[in-house]
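Undergrad: Single-letter residue listing:
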Amino acid sequence: DSGVTQTPKHLITATGQRVTLRCSPRSGDLSVYWYQQSLDQGLQFLIQYYNGEERAKGNILERFSAQQFPDLHSELNLSSLELGDSALYFCASSRQRGSWDEQYFGPGTRLTVT
Amino acid sequence: QQPVQSPQAVILREGEDAVINCSSSKALYSVHWYRQKHGEAPVFLMILLKGGEQKGHDKISASFNEKKQQSSLYLTASQLSYSGTYFCGTEINRNRDDKIIFGKGTRLHILP
Numbered sequence: 012d013s014g015v016t017q018t019p020k021h022l023i024t025a026t027g028q029r030v031t032l033r034c035s036p037r038s039g040d041l042s043v044y045w046y047q048q049s050l051d052q053g054l055q056f057l058i059q060y061y062n063g064e065e066r067a068k069g070n071i072l073e074r075f076s077a078q079q080f081p082d083l084h085s086e087l088n089l090s091s092l093e094l095g096d097s098a099l100y101f102c103a104s105s106r107q108r109g110s111w112d113e114q115y116f117g118p119g120t121r122l123t124v125t
Numbered sequence: 413q414q415p416v417q418s419p420q421a422v423i424l425r426e427g428e429d430a431v432i433n434c435s436s437s438k439a440l441y442s443v444h445w446y447r448q449k450h451g452e453a454p455v456f457l458m459i460l461l462k463g464g465e466q467k468g469h470d471k472i473s474a475s476f477n478e479k480k481q482q483s484s485l486y487l488t489a490s491q492l493s494y495s496g497t498y499f500c501g502t503e504i505n506r507n508r509d510d511k512i513i514f515g516k517g518t519r520l521h522i523l524p
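Residue numbers (my numbering), protein chains in the order written: chain R, 12 to 125; chain H, 413 to 524.
The set of hints was computed from the structure by calculation and includes no laboratory data. Check each hint, because a few of them may be wrong.
[What the hints assert, rightly or not] Distance ranges between label pairs, derived from CB positions: (1) H:Ser418 / R:Glu113: 21 to 27 Å; (2) R:Glu73 / H:Ile423: 38 to 44 Å; (3) H:Leu523 / R:Leu50: 20 to 26 Å; (4) H:Ala439 / R:Glu113: 19 to 25 Å; (5) H:Tyr486 / R:Gly27: 45 to 51 Å; (6) H:Gln413 / R:Glu73: 18 to 24 Å; (7) R:Thr31 / H:Tyr486: 38 to 44 Å; (8) R:Ser76 / H:Ala489: 31 to 37 Å; (9) H:Ala421 / R:Glu86: 33 to 39 Å; (10) H:Ala489 / R:Ser91: 32 to 38 Å; (11) R:Glu93 / H:Lys467: 27 to 33 Å; (12) H:Leu492 / R:Gly27: 18 to 24 Å; (13) H:Arg506 / R:Gln78: 22 to 28 Å.
[Stated by the list, open to error] If you want a taste of the chain R side facing chain H, the calculated C-beta under 7 Å gives, among others: (14) Phe56; (15) Gly63; (16) Ala67; (17) Gly69; (18) Trp111; (19) Phe116; (20) Pro118; (21) Gly119.
Where a beta carbon is used, it is the ideal one built from N, C-alpha and C, also for glycine.
Okay, chain H solo, but in the shape it has when bound (with noise of 0.2 Å):
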């Protein structure tokens, strides 16, 4: 039930883009993305919520496709301060004791 991520790490300049994917042999409810920074907690980049699904803030958005088994974040125009590691977590059952999954991670490396 763990999505599985792709890549599982990726080294970029400054100023390349980047595409990480999260995939599920089910059809999601939701996905979520956070990003790690070493030593530091998660924290919350966004939430998907329906098929076809695109969101995005700055320079970060990601997509949900039509058939809510996958999806994607995209960095653009990569800054060093995207480094860390990318997590999606699948949300697989709405009910009572629906729980958040999350993937083993992407990690990324921006260089200078």
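If we strip away everything but chain R, and leave its shape as in the complex, we get (with noise of 0.2 Å):
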């Protein structure tokens, strides 16, 4: 147990849909990346956030968002959703603001689009 939630495990919805993940860092981590996986794809960096702070991004989609609240934790929200949204999305945390240090991983939202 890495010590990272992510909310809910698994989710069914359909397209044109608009969803949102939850994650709550390690205790103690002030730094937020969420991550897209797909099938054939390795780990896809999404966004960083940093004491609440957005500190980078990736290859997030302008129909995703996120964001990282007063007590740290972590929205992702994913809007006008296709077939290709299906993913594994994790969400990882760190102590530092620096991409140099470790990450722990949570168990990952499963979203299914139909």
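Take the two lone chains, each set in its own frame, and fit them into one complex as the hints suggest.
TA: Below is the structure:
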């Protein structure tokens, strides 16, 4: 158990809908990262927040957005969902601001868009 | 910018050794190694920060070449528990928006 929690574990929704994925980092970790993992891809970095502020952006679509709240939990919002958005979404956390720090991954949320 | 991992997949018998490579066209600030078992989250193995660095624990070690463009992960006398997909993550920018870019992974299967 990494200490990172994600909810829900599974999500099934229809195209065009909007969903919110939630992540609580390990106690004391200020950085939260979001990744997307689909069948044939590795881990695609989406976005990083550090202590409430956006720090780095990766291949995040405009239909996706995220935020980190004062209590350091983070939410990833996915809207106008398409079939291709079906994937495993991981949240990870780390102590430091920089991406040179080891990351602890949550169990993931499996999103299925039908 | 995505690092290239090789091989894509490897099958070994328990007790055999394996080497997984991770290459970049640009010099890197750091290389990270993670292992992911089927249906589970990736788990951190180690980070290498300096050219020529070597690190390891138990029978899993890694190296980072002097030019900092290639890293190799070494699994010695592999155990069944080593099965999984190994990802390298590379950091190519050390600025405000630096990020880790992961390779596509190397699937390792250990047979008894």
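Undergrad: Does the Cβ distance between H:Ala439 and R:Glu113 fall inside 19 to 25 Å?
TA: holds (21 Å)
Undergrad: Hint says 27 to 33 Å; check whether the CB-CB distance for R:Glu93 and H:Lys467 agrees.
TA: violated (41 Å)
Undergrad: Would you check whether R:Phe56 satisfies its interface hint, that is, whether its CB is within less than 7 Å of any CB in chain H?
TA: holds (5 Å)
Undergrad: Holds or violated: the 45 to 51 Å window for the beta-carbon distance between H:Tyr486 and R:Gly27?
TA: Check passed, 48 Å falls within 45 to 51 Å.
Undergrad: Holds or violated: the 33 to 39 Å window for the beta-carbon distance between H:Ala421 and R:Glu86?
TA: holds (36 Å)
Undergrad: Tell me if the beta carbons of H:Arg506 and R:Gln78 are separated by a distance inside 22 to 28 Å.
TA: Holds, at about 26 Å.
Undergrad: When the nearest CB of chain H is found for R:Trp111, is that gap smaller than 7 Å?
TA: Constraint on R:Trp111 satisfied, holds at 5 Å.
Undergrad: Is 32 to 38 Å right for how far apart the beta carbons of H:Ala489 and R:Ser91 are?
TA: violated (51 Å)
Undergrad: Holds or violated: the hint that R:Phe116 contacts chain H, with Cβ atoms closer than 7 Å.
TA: holds (4 Å)
Undergrad: For the restraint on R:Gly119, tell me whether the closest CB of chain H is nearer than 7 Å.
TA: It holds, given that the least Cβ distance between R:Gly119 and chain H is near 6 Å, below 7 Å.
Undergrad: The hint says 31 to 37 Å between R:Ser76 and H:Ala489; measuring C-beta to C-beta, is that right?
TA: violated (47 Å)
Undergrad: Can the suggested window of 38 to 44 Å be confirmed for the beta-carbon pair R:Glu73 and H:Ile423?
TA: About 42 Å separates the Cβ atoms of R:Glu73 and H:Ile423, which means 38 to 44 Å holds.
Hints 8, 10, 11, 12, 15 from the earlier list are contradicted by this structure; the remaining hints agree with it.
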